[in-house]
Structure formats: C-alpha cells, structure tokens
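**Q** Sequence:
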Amino acid sequence: MRPAKPLSLALGALLALLSCTRPAFAQPIDDVAEEVPAETDDPDANDVGQPNPARSDDIPKPDPGDPTDPPAPSPAPEPAGMPTTATETNCTDRIDNDGDSVFDCGDADCYDQPVCKPSGVREKTDQLCSDWVDNDGDGSLDCDDDDCAATMVCQGFLRRRGDAQAAYRVGPDQTKHFNLPELDEGMSIEEIIGRFGDNDGERNDYTCSDGVDNDGDGRTDCADFGCRFDSQVTVCQATPGFRFSVVGQVAQTYRIQDTNAAELDQNKWDTRFSLLQLRFLGPIGNISNSFFLINLRAETTPRLTFALFQLPIGNLGHYFNINSGGGGLTSQLIISNAKQLLLERAFLVYSAFEQGNGAAIEFGGPIDPKGRVNFRAFGAGGSGRFSGNVGGRFFADDNTNYTWGAGAQFLFNIAGYYGRFDTPYIYTPVPLKAAILVGGKYDQRAQERYPAWNGTGIFRWWHFHLMAETYWKRELEFGSWQYSYYAQLGALLWPRHLMLAADYGEYIAGDLEDPPTNIDNIAGDELRRQRDERQFRGALHWYAYEQTGLISLRYTYRDVRNGRFAADGFKEQDLTLFGTYRF
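Numbering (this note's numbering), first residue to last: 134 to 716.
Read the hints as simulated data drawn from the structure, not as lab findings.
Pairwise CB distance ranges, derived in the manner of DEER restraints:
| # | residue 1 | residue 2 | range |
| --- | --- | --- | --- |
| 1 | Arg-328 | Gly-418 | 33 to 39 Å |
| 2 | Tyr-575 | Tyr-244 | 52 to 58 Å |
| 3 | Phe-329 | Asn-393 | 51 to 57 Å |
| 4 | Lys-401 | Val-379 | 29 to 35 Å |
| 5 | Gly-418 | Tyr-387 | 44 to 50 Å |
| 6 | Met-320 | Gly-447 | 34 to 40 Å |
| 7 | Val-571 | Val-379 | 33 to 39 Å |
| 8 | Arg-662 | Gly-590 | 27 to 33 Å |
The C-beta atom is built at its ideal place from N, Cα and C for all residues, glycine as well.
All chains, full assembly: derive it from the sequences and hints.
**A** Below, the structure written as structure tokens:
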C-alpha cells in the first residue's frame with residue numbers, strides 16, 4: 134500500500150507548529166536553573182516562566198509631534214494562589230490542601246484516615262520515616278525515631294558557600310527542614326555557632342543526644358548549630374548512630390631539670406606515642422534519647438578506663454546513668470583527652486579528692502523550665518583502691534574496707550548555657566558564656582573518711598576562656614584540712630590558626646592532727662602520696678588541619694615539696710612538642 138502523503142504532510146506541519154510554541158506555565162526552578170536570566174532592576178524580569186506585558190516591543194513608540202507622554206505599560210496581573218479547601222482532602226500528596234501549614238498525616242483532618250494509621254512496622258525506610266506516623270508505636274515519630282537514623286530521608290545535607298541556598302533538606306521531594314544563614318566570604322561553618330538565634334548551649338555528646346532543647350533556642354540536639362558544627366560532637370556527624378572516635382598523640386620531650394634523677398644528662402630526650410584514646414559511643418539500641426560511652430586507652434598497655442550508660446527520664450531533660458565510677462564532683466577526670474587544653478590533666482589538683490570507685494549511679498537534669506539551673510546527684514561504691522581500669526582494684530596492706538561515696542552538684546548558667554563536658558578550646562570567636570558549679574560529697578575510703586566541697590567558675594567570651602576550680606576536704610580519721618586550687622586561661626590569638634593556653638595549680642596537704650602511731654601500718658597508702666605540690670604549664674596550639682590536626686608546644690614546671698613521710702622534694706622542668714589528631 135502506498136503511504137498517504139497528504140496525511141504525512143499534515144502531521145509534519147502540526148509538529149513544526151508545536152515546536153515553535155513555548156508553554157506559558159512555570160517550570161520547577163531546580164530543573165531550569167541554568168535558564169534563569171541575570172538579575173536586573175526590573176522586579177518582574179526574574180519571574181521564571183511568567184509573561185512580561187511590559188516588553189519593549191509592545192510599548193507604542195512616541196510621536197515626536199505629540200506633546201503628551203507615552204502611555205505607561207499596564208501592570209502585570211497578580212498570579213493566582215493555589216486553591217485551598219476547608220480540610221485536607223488528600224493525605225498522601227505532600228501538599229497542604231487546606232493552607233493550615235500542616236500537610237498529609239500531620240494534619241488533624243487526616244487522623245482517622247486508614248493511610249495514617251500505624252502500620253506496626255519498624256520505621257527503617259524512607260517512606261515510613263517521612264509519613265508523619267509513629268508506625269512502630271514507640272513514641273518517636275519519623276526522624277525522631279532512632280530506627281530512622283540510617284535512612285537517607287533523615288540524613289539531610291548542607292549547602293555551603295557558593296550554593297544557591299543554605300538549608301537542610303529532608304524527604305524525597307526535598308522539603309525544607311530549616312534554613313541556615315548565608316555564609317559570608319571567608320566565613321567558616323563553625324562561626325555560625327552562637328549567632329543567628331543560636332544560644333550556644335549544646336556542644337557535647339551528652340546534651341546533643343538527650344532529646345531536649347537545652348539552651349532554649351528552638352533547635353534540639355542535632356538540629357542545633359553547636360551539635361551539628363562543633364567537630365567535638367560526634368553523635369551528630371553524618372548519622373546519629375554508633376560512633377567510633379580516636380584521639381592519638383605523639384610527644385617529643387626535652388627534660389630541662391629533674392632534681393630527682395641521678396643521671397639527667399643521659400635522659401634529657403624522649404620520644405613516645407603518649408596517647409591513643411579509642412571511644413565507642415552513641416544511642417543505646419531501641420531507646421530514644423539514650424546515650425552510652427566506652428573509653429579505651431591503648432598506648433603502652435590497653436585498658437578500659439571509663440564506661441557510661443545513660444537513659445532519659447521523662448521529656449524534660451532529666452536522666453539516669455550507670456558509670457564506672459571514675460568521676461565525682463569534677464568532670465576533668467572523665468572528659469575526652471581531645472578536650473584537655475593543656476594536653477594532660479592536672480592530677481595534683483584532684484588526686485587527694487577523687488580516688489575512684491568500682492561503679493556509680495547518677496541522676497540529674499534541669500530544675501527550671503529554661504534550663505538555667507541544673508542538678509546532679511550520685512552515689513558510688515567499691516572495695517580496695519581504684520586502679521584506673523573499669524572494674525579494676527587492688528588491696529594494699531590487706532585492707533579490704535568497703536569504700537563508698539555520695540554527693541550532689543548544682544550548675545547555674547549566668548550567661549549563655551554551659552555543659553560540664555564542653556571543650557575549652559576556641560577555634561572561632563565565641564559568644565558570652567558564664568556559669569558556676571558548686572557541689573559537695575562524703576567519701577569513705579579504705580583508711581580515710583571525709584566530706585569534700587568543690588566550686589568551679591567558667592567564663593568564655595570572644596577570644597577568651599577562663600576556668601577556675603577549687604577543692605576542700607576535712608579528713609576525719611587523722612584530722613587534717615586539705616585544699617587545692619586551679620586556674621586555666623585560653624586566648625585565641627588567630628582564629629582558626631593559633632591559640633595560647635596556660636594553667637596553674639597547687640595542692641596543700643595540711644598537717645595531721647592525729648597521726649598514726651605506727652608509720653609502717655600505712656606503707657603505700659594514699660596518705661604517703663599526699664605532699665604539697667604546685668605546677669605551672671603554658672602551651673601554644675596550632676590548628677594545623679582545622680580542628681582535627683593539632684600541633685602544640687608546651688612548657689611544664691613542677692615543684693613537689695617535702696611530704697609527711699618523705700624528706701626530699703624535687704623539681705621538674707620540661708619542654709614537649711605534641712602532635713595530636715582527633716576525630
């Protein structure tokens with residue numbers, strides 16, 4: 134059969150006509166971004182896909198003989214808004230049909246619809262984690278459910294400098310979750326912490342995983358700028374699941390003075406791998422707003438030094454935890470080594486007051502609705518002396534007395550919000566933050582029993598960090614007053630590059646009012662190690678690779694005085710170059 138030429142010609146003409154016709158409706162901006170014309174002073178020029186009635190070829194040319202002005206172009210018609218209904222008519226179209234700012238199963242109009250009923254299935258898919266339904270009935274909805282942590286819909290992304298927008302997005306349709314401020318040229322993402330409505334009160338793994346807006350800025354946990362962009366907060370990196378954190382450190386030391394060493398000239402130099410800290414942390418499985426931490430020290434001899442398992446109480450930020458008993462009134466003995474401003478703890482300040490236990494329980498939380506005042510109470514027990522390892526202990530001189538302790542502490546936020554596990558490092562300028570912590574406890578040790586008090590003050594502003602802490606105790610068994618004090622100063626010299634730090638601490642052992650009659654009975658006891666001591670340290674930190682790689686030069690001066698049972702004191706001075714990586 135011969136082809137019908139008239140029909141072919143007609144179809145060809147029709148296709149040619151259609152190809153010359155442009156549609157008048159708007160296209161999605163994300164699909165035609167490369168076709169958007171450059172911005173002009175004409176407010177209508179950037180309305181993608183909208184006809185402009187004021188085109189130059191539509192305006193009548195003025196007649197030179199006509200004294201009147203040319204007619205003004207007619208204004209563009211107002212675009213018609215999306216029609217709304219009295220109720221949500223479609224509960225699965227991801228559209229707010231009734232214009233009440235809530236759509237689909239999040240709208241009360243859809244509550245009784247079958248598609249909005251819980252399916253009874255664990256929320257582990259993109260669909261179940263974005264349908265506004267608590268499918269597994271565990272009290273957590275969509276991305277608030279820990280089961281959704283690994284889904285793409287709950288991971289989101291951040292656009293940075295040069296992008297068209299700065300926003301977190303969730304959902305397969307790229308629905309906006311919240312917008313971030315536009316970053317200025319040369320501005321790092323860390324600099325938005327404490328600005329643009331952020332109160333800078335959530336910057337550690339504990340407050341960033343408790344399900345509470347601790348600083349009252351409207352952003353909770355990983356939605357808070359501090360939780361998301363402080364590199365020392367690991368639970369909010371990528372997905373808020375299990376995290377493996379590493380802090381490694383290499384040290385090159387030159388010993389300047391050591392009056393306790395017989396052959397100093399032969400032992401001036403030392404190179405060692407001084408620290409390898411491995412931490413495993415994250416939420417406890419199937420328990421929302423929970424947290425656990427396991428800390429391992431792997432340099433020299435591997436040893437497990439701290440463990441904590443924390444559960445929420447209610448929805449107001451209160452908690453209960455079980456830990457290995459390494460801490461008490463101070464957090465300096467249990468925070469990560471990545472947060473030690475002078476690279477190592479000032480043990481002389483704490484050793485006579487915090488001697489460890491076999492295990493401890495703790496509960497606490499905010500007292501007022503805004504979280505300005507917080508409390509914590511704890512109790513601990515064990516036997517023998519704490520060896521520094523989880524569950525580790527030893528018995529000296531056949532002393533098997535049971536040891537225990539109990540205490541409480543209050544935190545008062547004067548300006549801003551402070552968490553006792555926050556880092557003292559400053560990478561970019563910080564907003565004003567001031568807090569006071571006061572607490573007391575009673576400790577029953579193997580051969581000592583005493584009440585003790587602790588006070589700590591924190592001040593952070595702009596380029597400066599200041600921390601001061603003091604301990605007091607009244608030893609009841611042998612009768613003595615003992616105290617220590619400690620001051621720490623940090624100054625950011627060059628944002629994102631250099632920070633200067635220094636500290637000074639002193640411990641005063643005090644005289645025994647009722648000393649033991651036989652000194653041999655206390656051989657090796659904590660009493661023998663209680664000697665007046667003071668220490669000064671200064672360090673210069675270079676942020677070699679953002680906050681991950683740190684190179685530090687530290688000077689240390691230590692003066693140990695004559696003790697109750699030691700006639701000779703000694704002095705030490707050294708200069709150490711540290712290379713630290715932390716992630």
